[in-house]
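Working from the sequences, and respecting the hints, build out all of it.
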Amino acid sequence: MITVKDAVKSFGKKKALDGVSFTAADGQIIGLLGTNGAGKSTMLQSIAGLLQLDAGTITLDGKTHSLSTRAMTAFLPDVDVWYSWMKLSDAMSYMRDIYWDWDDAKARHLLEYFELTKGTFIRDASKGTRAKMKLLLALSRQARYLLLDEPFSGIDPFARQQIAQAIVSDFLEEQQTILITTHEVSEVEVILDEVLFIHEGKLLLTGNVESLKQEKNKSLMDILKEVYDIARL
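Per this note's numbering, residue 549 is the first one in the sequence shown, and the count goes up by one each step.
What the hints contain is simulated information worked out from the structure, not anything from laboratory work.
Please note that the accuracy of each hint is not assured.
[As the list claims (entries may be wrong)] In silico BS3-like links for lysine-lysine, alpha-carbon gap of 30 Å or less:
{"id": "1", "residue 1": "K562", "residue 2": "K773"}
{"id": "2", "residue 1": "K562", "residue 2": "K750"}
{"id": "3", "residue 1": "K654", "residue 2": "K666"}
{"id": "4", "residue 1": "K773", "residue 2": "K750"}
{"id": "5", "residue 1": "K611", "residue 2": "K635"}
{"id": "6", "residue 1": "K764", "residue 2": "K750"}
{"id": "7", "residue 1": "K750", "residue 2": "K611"}
{"id": "8", "residue 1": "K611", "residue 2": "K562"}
{"id": "9", "residue 1": "K773", "residue 2": "K563"}
{"id": "10", "residue 1": "K766", "residue 2": "K750"}
{"id": "11", "residue 1": "K666", "residue 2": "K635"}
{"id": "12", "residue 1": "K611", "residue 2": "K553"}
{"id": "13", "residue 1": "K750", "residue 2": "K761"}
{"id": "14", "residue 1": "K553", "residue 2": "K563"}
{"id": "15", "residue 1": "K561", "residue 2": "K750"}
{"id": "16", "residue 1": "K761", "residue 2": "K773"}
{"id": "17", "residue 1": "K654", "residue 2": "K611"}
{"id": "18", "residue 1": "K761", "residue 2": "K611"}
All values derive from a computational prediction rather than experimental measurement.
Right, here's the structure in full:
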């Protein structure tokens, strides 16, 4: 279980997180949604142990950040972090050497599923292919918590569908807890269990997706638009 309590993080005068609190229960796919600059990426990086909060706490299975909790998380950033001279095989070898929970069988399956080639240079790959490469490298670990920052950004609808299916398949197989940020709400609405909506660093809405939709008789996107419009008043 991930527990975030009164999380505060500022960059200069801007508060990226302003007293955010929530619990991510085990075995759920949770959407962390909001506009650009809302604090979504900051939240994921803080959970992954890549950023230190100014105030508040984050615990994973009751433990504060340490080497052991970092090993529980697989983080997929929204930017390319691999050297352009690398081939996909080089990145896979690096991950295999660094992470004890790397699963060669899962990596081979995802290579075939995404129709990727180990010998492809990262510099030569399209944006959609790089997105699939990054997801392969994240999903091929058996981490307890999977943190995905904008995995659908800038790629075509077919690739988005492939990635969404891979996320669901991995979740069903491993029963991981998955936190995902995205602007492609329609792509993830059918796979989300819970939603967290952040605006200007504050958590404005949280709840079960199906319960919220039934209660308001609206799509998830319409609910988020309503909350956003009220917050701007």
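*Within a Cα-Cα threshold of 30 Å, do K611 and K553 meet the stated pairing?*
Holds: K611 and K553 sit about 13 Å apart, inside 30 Å.
*asked:* Would the hint linking K773 and K563 be met if the CA-CA limit is 30 Å?
replied: 22 Å, holds
*Taking only the CA atoms, is the gap from K561 to K750 under or equal to 30 Å?*
Given pair K561, K750 holds - Cα atoms ~15 Å apart, limit 30 Å.
*Are the Cα positions of K761 and K773 separated by 30 Å at most?*
13 Å, holds
*asked:* Can you confirm whether the C-alpha distance between K750 and K611 stays at or below 30 Å?
replied: Distance ~24 Å between K750 and K611 Cα, so the pair holds.
*For the pair we were handed, K611 and K635, check the Cα-Cα distance against 30 Å.*
The hint is violated at about 36 Å.
*Holds or violated: are the alpha carbons of K766 and K750 at most 30 Å from each other?*
23 Å, holds
*Are the Cα positions of K562 and K750 separated by 30 Å at most?*
Roughly 12 Å between the alpha carbons, so the hint for K562 and K750 holds.
*asked:* Need the status of pair K654, K666: alpha-carbon distance at most 30 Å?
replied: 14 Å, holds
_Given the hinted pair K562 and K773, is their Cα-Cα distance within 30 Å?_
Between K562 and K773 the Cα gap is close to 23 Å, so the pair holds against 30 Å.
*Are the Cα positions of K773 and K750 separated by 30 Å at most?*
Judged against 30 Å, a Cα distance of about 16 Å means the pair holds.
*Proposed proximity, K761 with K750 (alpha carbon, max 30 Å)*: Holds. K750 to K761 sits at ~22 Å (cutoff 30 Å).
The structure fails to meet hints 5, 18 from the earlier list, while all remaining hints are met.
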